[in-house]
Amino acid sequence: MLLQTARATRFDTGRATEGDRAGRARLAILFLFLLLVVTAAFSLATGASDASVLSIIRSWFGVFTGDESALSARDAIIIYDIRLPRTVLGILIGASLAVSGATMQGLFRNPLADPGIVGVSAGAGLGAICMIVLGGTIFAPVVVLFGIYALPVAAFGGGLATTFLLYHISTRQGRTSVATMLLAGIALGALAGAFTGILVFMADDQQLRDLTFWGLGSLAGATWTKILSAGPIIAAALIASPFLARALNALTLGEATAHHIGISVQKFKRLAIVLVAAATGASVAVSGGIGFVGIVVPHLLRLSIGPDHRYLLPASAMLGASLLLLADAVARVIVAPAELPIGIVTAAVGAPFFLWILLSRRGVLDM
Amino acid sequence: MIEIENLGVKIGPKDIVTGVSFHVEPGRVTTIIGPNGSGKTTALKALSGDLAYSGAARIAGRDINRMKAWEMASVRAVLPQISHLSFPFTVREVVRIGLTSGYSGASDRDADELSEEALRRVDLDGFAGRFYQELSGGEQQRVQLARVLCQVWEPVADGEPRYLFLDEPISSLDIRHQLAIMDIAVDFARRGGGVLAILHDLNLTAMYSDRVMIMHQGRCEGFGTPDEVLRDDLLQGVFGCRLQVGVTPPAGTRFVLPQSAQ
Numbered sequence: 001m002l003l004q005t006a007r008a009t010r011f012d013t014g015r016a017t018e019g020d021r022a023g024r025a026r027l028a029i030l031f032l033f034l035l036l037v038v039t040a041a042f043s044l045a046t047g048a049s050d051a052s053v054l055s056i057i058r059s060w061f062g063v064f065t066g067d068e069s070a071l072s073a074r075d076a077i078i079i080y081d082i083r084l085p086r087t088v089l090g091i092l093i094g095a096s097l098a099v100s101g102a103t104m105q106g107l108f109r110n111p112l113a114d115p116g117i118v119g120v121s122a123g124a125g126l127g128a129i130c131m132i133v134l135g136g137t138i139f140a141p142v143v144v145l146f147g148i149y150a151l152p153v154a155a156f157g158g159g160l161a162t163t164f165l166l167y168h169i170s171t172r173q174g175r176t177s178v179a180t181m182l183l184a185g186i187a188l189g190a191l192a193g194a195f196t197g198i199l200v201f202m203a204d205d206q207q208l209r210d211l212t213f214w215g216l217g218s219l220a221g222a223t224w225t226k227i228l229s230a231g232p233i234i235a236a237a238l239i240a241s242p243f244l245a246r247a248l249n250a251l252t253l254g255e256a257t258a259h260h261i262g263i264s265v266q267k268f269k270r271l272a273i274v275l276v277a278a279a280t281g282a283s284v285a286v287s288g289g290i291g292f293v294g295i296v297v298p299h300l301l302r303l304s305i306g307p308d309h310r311y312l313l314p315a316s317a318m319l320g321a322s323l324l325l326l327a328d329a330v331a332r333v334i335v336a337p338a339e340l341p342i343g344i345v346t347a348a349v350g351a352p353f354f355l356w357i358l359l360s361r362r363g364v365l366d367m
Numbered sequence: 368m369i370e371i372e373n374l375g376v377k378i379g380p381k382d383i384v385t386g387v388s389f390h391v392e393p394g395r396v397t398t399i400i401g402p403n404g405s406g407k408t409t410a411l412k413a414l415s416g417d418l419a420y421s422g423a424a425r426i427a428g429r430d431i432n433r434m435k436a437w438e439m440a441s442v443r444a445v446l447p448q449i450s451h452l453s454f455p456f457t458v459r460e461v462v463r464i465g466l467t468s469g470y471s472g473a474s475d476r477d478a479d480e481l482s483e484e485a486l487r488r489v490d491l492d493g494f495a496g497r498f499y500q501e502l503s504g505g506e507q508q509r510v511q512l513a514r515v516l517c518q519v520w521e522p523v524a525d526g527e528p529r530y531l532f533l534d535e536p537i538s539s540l541d542i543r544h545q546l547a548i549m550d551i552a553v554d555f556a557r558r559g560g561g562v563l564a565i566l567h568d569l570n571l572t573a574m575y576s577d578r579v580m581i582m583h584q585g586r587c588e589g590f591g592t593p594d595e596v597l598r599d600d601l602l603q604g605v606f607g608c609r610l611q612v613g614v615t616p617p618a619g620t621r622f623v624l625p626q627s628a629q
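Residue numbers (our numbering), protein chains in the order written: chain A, 1 to 367; chain B, 368 to 629.
Hints were generated in silico from the structure; no laboratory data involved.
Wrong hints could be hidden among the right ones.
[As the list claims (entries may be wrong)] Below, simulated DSS-like cross-link-like pairs (lysine-lysine); rule was C-alpha separation at most 30 Å, straight line:
1) A:267 to B:377
2) B:435 to A:267
3) A:267 to B:381
4) B:435 to B:377
Make the full structure from the sequences, and use the hints.
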């Protein structure tokens, strides 16, 4: 039924023609941008304290009018050091999860591929945990070399290894078997889980504390340091993603056809795998496992603006960011004054959604 | 001109194509025929740059296995046998994928106009807004042809002839569209491009080909004009059944030949 509403129709602006959803997609992107601005403002305004966004805006104008007193020191700390990093991190993580989901689905040519489901997040998590537990011993040189970037880089490495393995296990002669992909994902996820278990077993008390906080899947610990460590990797992946759009579109027709159209398929696939691993790894490193954003967001967008990756990727970034900010707001208020880990919120919404895709598109498993 | 000398393709340890030599000339329709499993598609895949091969295969003097994907894309377009689509693109979007990446040779033309015209050529006027996955097999095949035509819209670009590789382009089409699609191929050749097609229909092969290459067990059993290749002895040897060229069935037998279509 949703597909019916999404049926491509003549769009009444400019010279757009039947079957061309570009105009609609551009409008959607504009709308999603506005949505993101609103949710960001909302996210800044919500919290346990009464510091209001209005006072920040007033303080911005204060810079021009010379009236610096508009924002109290307490409010300034709450907003600039607690809420703003959380909002910024939410935008980065949400965008990154949605874009890596969309890219992975394009790469595997299947709407069910998602870093969280097929074990890539688990692999990235293993990398991160290695760094937390072994950072003082075996991996000490890595910490010295990468500094604050050590954790995201380790998660990136874990994610990269998993994505690479997964692709080569599930793809034969340019065709990806979805059943193999999902099953291999379970196996790889379990394997990563086993190693994670060993590391947790080895961890001392302080490390266990770190692991627990990290593993909750939360934006709660957002700091400018975290943003500084994961932000550049995520930003690089987000900026690079539109350059893959054309190739992802061509890949929809199969690897052979993509090659015939002029895409260097092998080079492109390697790039896409690195991008997915970087975005997933960096996100997992700072916020733990936040599931299902990568599957829900691109799927919803495909229903409304179509699967053209030139629009799907930027739209996913914005909708992913908005939805994660909203989920974070829910996580903050639903059991206030305590906080629910955001991963629980996204899973509670996303898992039924995933089942719905499975039920409505049984055919996808036979591909 | 595409020159193929002593072409060999292995898949795993198995020789699928061995010692095949022929050429594809611009201005002509060259057809590959042969029984199932004779290596036709494998040979075409090697020439498309999909498979590694031994021997020599050159387009305009350049080795195919040394050309980059985008270089190949600007001199030849390939229509595959089957095309699955993993996401719900509309017909127009599919056709435009052929345009965004290749070099149509018609850069001054508006992309919308071109995809519209390509769809008209394959008799799919008015299908632009439909979802590809909802079309019948024959309609999907024609959408793919429209996409392929867009990629090499001008048969000659910058003075260089370009090529259409068609792997069973009419296998799932009704007779009217079979004739229409073969007319498109001939038209492409008449305007200076080269066409290399794999066909199973011997009558259409005879009607539309300028050159025929016949394959059997991975080898080239004959290459020449339809008159030279479509002979009783060659066809009987290759296809393993007693075919008789040019013999009309006994009086009273009902038969319909594409040659008699008006």
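These are the hints, each one checked on the structure:
Of the supplied pair hints, the one linking residue 267 of chain A and residue 377 of chain B holds, its CA atoms being roughly 24 Å apart against a limit of 30 Å. For the suggested pair residue 435 of chain B and residue 267 of chain A, the alpha carbons sit about 12 Å apart, so the restraint of at most 30 Å is met. Using a Cα cut-off of 30 Å, the hinted pair residue 267 of chain A and residue 381 of chain B holds, with the two alpha carbons roughly 28 Å apart. For the hint pairing residue 435 of chain B with residue 377 of chain B, the CA-to-CA distance comes to about 21 Å; that is within 30 Å, so the pair holds.
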